[in-house]
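Novice: The listed protein sequences derive, respectively, from chains C and Z. Position 10 of the first sequence, counted from 1, bears residue number 10 in our numbering, the numbering being contiguous throughout. Position 178 of the second sequence, counted from 1, bears residue number 178 in our numbering, the numbering being contiguous throughout.
In case anyone wonders, no lab produced these hints; they're calculated from the structure. Ideal Cβ positions, reconstructed from N, Cα and C, are used throughout, including at glycine. Some hints could be false.
[What the hints assert, rightly or not] Okay, the calculated bits of chain C under chain Z, using three or more residues with CB under 8 angstroms as the criterion:
no. : stretch
1   : 87-96
2   : 116-124
3   : 134-143
[Unchecked claim] Keeping only pairs whose Cα atoms sit at most 20 angstroms apart, straight-line, the calculated SDA-like set for lysine to any residue is:
no. : chain 1 : residue 1 : chain 2 : residue 2
4   : Z       : Lys222    : C       : Glu134
5   : C       : Lys152    : Z       : Gly227
6   : C       : Lys152    : Z       : Gly31
7   : Z       : Lys421    : C       : Asp110
8   : C       : Lys152    : Z       : Arg41
Listed below are the residues making up each chain.
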Amino acid sequence: MTAPQPVPTGPTDRARTSEEPLLQLRGVDKHFGAVQVLHGVDLDVYPGEVTALVGDNGAGKSTLIKGLAGIHVFDSGTYTFDGKPVHVTGPKQANALGIEVVYQDLALCDNLDIVHNLFLGRELTKGGRLDEAEMEKRAKDTLDGLSVRTVKSIRQTVASLSGGQRQTVAIARSVLWNSRLVILDEPTAALGVAQTEQVLKLVRRLADKGLAVVLISHNLNDVFEVADRVAVLYMGQMAAQVRLADVDRNEVVQLITSGRSGSAGLSAAQKLAATGGKEESR
Amino acid sequence: MTDTTTTTRDDGPAAPDDEAAVTGRQKGLSGTIGSYLDKLRGGDVGSLPALLGLVVLVGVFSALRPTSFTNAFNFANLINQSAAVIVIAMGLVFVLLLGEIDLSAGFTAGTGGAVMGIVVTRQDQPWPLAVAAGLATGAVIGACIGLLVARLGIPSFVVTLAAFLGLQGVLLQLIGEGGSIPVRDSTLIALNNSTLPVWLGWLLVASVVGGYALAAVRHEQKRRASGLVTAGMQVVLAKALVLGVLLVAATAYLSQERSLNPALTSIKGVPVVVVLLVALLVVLTFVLQRTAFGRHVYAVGGNAEAARRSGIDVKRVRLICFVICSSLATVAGLLLASRSNGITPSTGGAETLLYAVGAAVIGGTSLFGGKGKVSDAVLGGLVIAVIINGMGLLNQPAAVVFMVTGGVLLIAASVDALSRKRATASGRA
Chain C
1 MTAPQPVPTG PTDRARTSEE PLLQLRGVDK HFGAVQVLHG VDLDVYPGEV
51 TALVGDNGAG KSTLIKGLAG IHVFDSGTYT FDGKPVHVTG PKQANALGIE
101 VVYQDLALCD NLDIVHNLFL GRELTKGGRL DEAEMEKRAK DTLDGLSVRT
151 VKSIRQTVAS LSGGQRQTVA IARSVLWNSR LVILDEPTAA LGVAQTEQVL
201 KLVRRLADKG LAVVLISHNL NDVFEVADRV AVLYMGQMAA QVRLADVDRN
251 EVVQLITSGR SGSAGLSAAQ KLAATGGKEE SR
Chain Z
1 MTDTTTTTRD DGPAAPDDEA AVTGRQKGLS GTIGSYLDKL RGGDVGSLPA
51 LLGLVVLVGV FSALRPTSFT NAFNFANLIN QSAAVIVIAM GLVFVLLLGE
101 IDLSAGFTAG TGGAVMGIVV TRQDQPWPLA VAAGLATGAV IGACIGLLVA
151 RLGIPSFVVT LAAFLGLQGV LLQLIGEGGS IPVRDSTLIA LNNSTLPVWL
201 GWLLVASVVG GYALAAVRHE QKRRASGLVT AGMQVVLAKA LVLGVLLVAA
251 TAYLSQERSL NPALTSIKGV PVVVVLLVAL LVVLTFVLQR TAFGRHVYAV
301 GGNAEAARRS GIDVKRVRLI CFVICSSLAT VAGLLLASRS NGITPSTGGA
351 ETLLYAVGAA VIGGTSLFGG KGKVSDAVLG GLVIAVIING MGLLNQPAAV
401 VFMVTGGVLL IAASVDALSR KRATASGRA
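Same shape as in the complex, but just chain C (with noise of 0.2 angstroms):
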């Protein structure tokens, strides 16, 4: 599990895409200490596009967008972002990329207001001193740019703002930026019904405006409502990536659980080379 792989193992549908992937990974490995985590993952994600990552608990999910925001390194394989091959060693870096993640147990200060939290890490500054006035103008222009009008105001802190809302202020940081590629790790998993609707008509606002989007999820209901493409994770492998219209609900399932559904996935071989890695390096 070493050499980049060049040919995708997912069957990705080129006939339809025009544009070139924002992303690309390819053959990428990933380890801690004797437990392969990842296996020559391969992963296309395009501007304009929502793509949902799915798979079981434990499939690689997280770990696979650490790696993409810097968090973690892999160990091998390519990672291509706007054509050109980049090296990702640290958040820094993909923050400079344009690469924004969006986590799942959100990442807010509940003590900081809501325009100190967008900022969070990257106030404006001028003379020394904190550019408070333009970093409120550009917050609340971001807000009303992505449609936000739930919140009272843009002053009050986080601490008091519902669960929708919060991850509202989560994503509104990711695009405050220029930023490219979003990449949000479950957004919808602690709301209800109606701020679940709110948040994934947020993401897709998201994806409209020409960012690429990933969503990883566990909710199918919010993949088939919301992404445009699926990819299925299973045990450090890309099963598949395609398109949500060419693929129906059992499928994706039968994908997740078992890493094969009809001529897609995974090859047997393929399964037991993934297995079989495992038991060599332990």
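Position chain Z against the provided structure of chain C, taking the given hints into account.
Specialist: Structure of chain Z alone, referenced to chain C:
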């Protein structure tokens, strides 16, 4: 001491309003007051309990001891007595904002004072060199604590408890068994004993009020130019006016002759140490409220993991906060040395640290991290000083003073915990 009573009562809206003005969606005085009340209802009480406590305490002591408590001499005395505790508490605010604690700040003050005393008295060096040596001692102590906490991940409670014991030994070693280091340098003595000439006191007040008004008006204009919601010019001017009235009243009071024997010596004017306190208050408040570093301190205290993911160097923020805390503690050491003309092995010991932690918490700084201001240290420090001073004048034994102070601290911590509960409840509703 009616002036102080008005001071504290009217100061209420002035200080916490600063934030309400930013959050206020409607313009004008009523809108600003309304959003402040909303904040209170939401559980964010800020310094209000400390202010009310101060008013009540001053009222009670003024009624019980109308002559000995309520006079200009005692008022000035109160400031000198509380200065060291206030400065230590200012440093502790930085550490408490992170959700950490520094138990060693008291003996850091003593050690810094001892180093200064050794340089100025035993080595016979000029005072600026001695002060620099004292401050450097604090910075080194803070860096050691900060590295152990931030890099090794030892709980600050344990690290600073060890430093508390260790520095006690260092202080004893520096001074020598049973000895003391006298400080005779006139400049250092003046720091926490002398008063400014009356005219200079007035100049100070004028520059503070003028500076505040100018900064506030500029802030207002800038927000207006950016098309943002503002508090309205009348609110800005009202606040500046309240501040001006309070400071002018206090200065007028302090400018009276307060010597017990005016024929022999004349004591009048604002204590010199007020200049230092105001300077620290302004500079440290600026650092916390108006710089990216200050924002990061709040972020780390609020959610360290979120701060880390946002690209904030959490370890660096922790380290710097401990350095700030210990450095300010040594400034307090200078004040203690100045006040008592020297350093003994017990300088900064006993209840000094606990009073300082108490001051910060009573002022409204949360022990849970993420909430607090430098001005809390000043307010809380004054509350504690008034209790000690007033109880002393009531001829209460030390036992009672300790018990009352402990009770007040407990009340303050309860207010902190309750307001957190309330904020959570109202926030998630």
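Novice: The structure should be examined with respect to each hint, and the outcome stated for every one.
Specialist: Structure-based check of all given hints:
no.: 1; hint: 87-96; in the structure: holds (count 3)
no.: 2; hint: 116-124; in the structure: holds (count 5)
no.: 3; hint: 134-143; in the structure: holds (count 4)
no.: 4; hint: Z:Lys222 - C:Glu134; in the structure: holds (10 angstroms)
no.: 5; hint: C:Lys152 - Z:Gly227; in the structure: holds (17 angstroms)
no.: 6; hint: C:Lys152 - Z:Gly31; in the structure: holds (15 angstroms)
no.: 7; hint: Z:Lys421 - C:Asp110; in the structure: holds (13 angstroms)
no.: 8; hint: C:Lys152 - Z:Arg41; in the structure: holds (16 angstroms)
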